[in-house]
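When you get a sec, could you build the whole thing from the sequences and use the hints?
So the protein sequences, as listed, match chains A and U.
Using my numbering, the letters of the first sequence correspond one by one to residues 1 to 107.
Using my numbering, the letters of the second sequence correspond one by one to residues 1 to 137.
Among these hints, one or two may not hold up.
Here are a few chain A residues that face chain U, going by a calculated C-beta distance under 10 Å [as the list claims (entries may be wrong)]:
(1) Gly12
(2) Glu16
(3) Thr18
(4) Leu28
(5) Ala92
Just so you know, these hints were derived from the structure itself, not from any lab.
Please read these numbers as outputs of a predicted model, since none were measured by experiment.
Note that beta-carbon positions come from the ideal geometry of N, C-alpha and C, so glycine has one too.
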Amino acid sequence: MRRGPWRVAVAGHSMEPTLREGDRVFVLPPRREPRVGEVVVLRDPRDAKRLLLKRVAAVGDGAVTVMGDRRDHSTDSRYFGDVPLTDVVGRAAFRYAPLGRAGRVRS
Amino acid sequence: MFGRLFKPPIVAYAHCDIPCGIYDPTPAKIAADTVAKMVEKINQLSPTATDVTTRANFVRMTVVKEEHAQICKKELEILWSDYFKPEHLEKYPKLHDTFWKAAKLCSKNKQNVDATAAAELQAAVKEISDMFWATKK
Numbered sequence: 001m002r003r004g005p006w007r008v009a010v011a012g013h014s015m016e017p018t019l020r021e022g023d024r025v026f027v028l029p030p031r032r033e034p035r036v037g038e039v040v041v042l043r044d045p046r047d048a049k050r051l052l053l054k055r056v057a058a059v060g061d062g063a064v065t066v067m068g069d070r071r072d073h074s075t076d077s078r079y080f081g082d083v084p085l086t087d088v089v090g091r092a093a094f095r096y097a098p099l100g101r102a103g104r105v106r107s
Numbered sequence: 001m002f003g004r005l006f007k008p009p010i011v012a013y014a015h016c017d018i019p020c021g022i023y024d025p026t027p028a029k030i031a032a033d034t035v036a037k038m039v040e041k042i043n044q045l046s047p048t049a050t051d052v053t054t055r056a057n058f059v060r061m062t063v064v065k066e067e068h069a070q071i072c073k074k075e076l077e078i079l080w081s082d083y084f085k086p087e088h089l090e091k092y093p094k095l096h097d098t099f100w101k102a103a104k105l106c107s108k109n110k111q112n113v114d115a116t117a118a119a120e121l122q123a124a125v126k127e128i129s130d131m132f133w134a135t136k137k
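Printed below as a string of structure tokens:
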């Protein structure tokens with residue numbers, strides 16, 4: 001598990017309008033229990049080498065249900081089911097680029 | 001300690017498998033079959049008939065043939081540019097050539113009423129379809 005803030009570049013459109021393709025985001029370590037509404041970085045349940053960005057829709061027993069903000073253009077828990085907390089590797093905290101849209105990633 | 005700061009950020013996917021994950025050669029096959037069927041039906045029309053019904057059918061069949069030749073090309077291009085990956089090219093070195101020729105056959109079938117060209121298009125689509133399904137095994 002990474003310590004401290006790290007950075008990701010957003011690819012894809014499922015988190016629009018919150019996050020757009022090419023946005024750069026600071027990621028903090030995950031909370032022990034993610035909060036509903038926050039945007040998390042998780043391992044793709046179908047390909048552990050790949051990271052996904054989705055919003056927490058519900059927190060259950062050791063797992064989260066995640067959804068893209070753009071429901072009609074997102075592959076998320078509706079498709080791959082709940083994701084174990086151990087696969088949640090961070091939470092998106094702050095968009096630092098592009099500068100014009102810099103700001104906190106809101107829950 | 002600060003080395004990580006200067007590396008490019010890791011990519012995280014806010015992605016969607018749809019429409020980017022569903023590929024199927026069937027629409028191209030249906031389009032190619034439609035082209036062949038329209039050529040067959042056009043050729044069955046009486047070449048000397050001048051009644052309105054025959055003329056209307058001729059126009060309709062021609063329009064459908066041309067539309068489906070175009071649909072076939074579009075469907076093939078989606079498979080070509082979006083589905084097939086460099087690793088497929090290693091296994092099928094003729095991949096680009098096959099698609100290129102198939103796309104040209106779509107144009108040829110749009111322009112002409114040619115049963116041979118229609119059969120060639122069907123064969124080309126089948127070849128692509130076989131490659132596609134082989135990659136799924």
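List in ascending order the numbers of the hints, as given earlier, that are violated by the structure.
Number 4 - this is the single hint that the structure violates.
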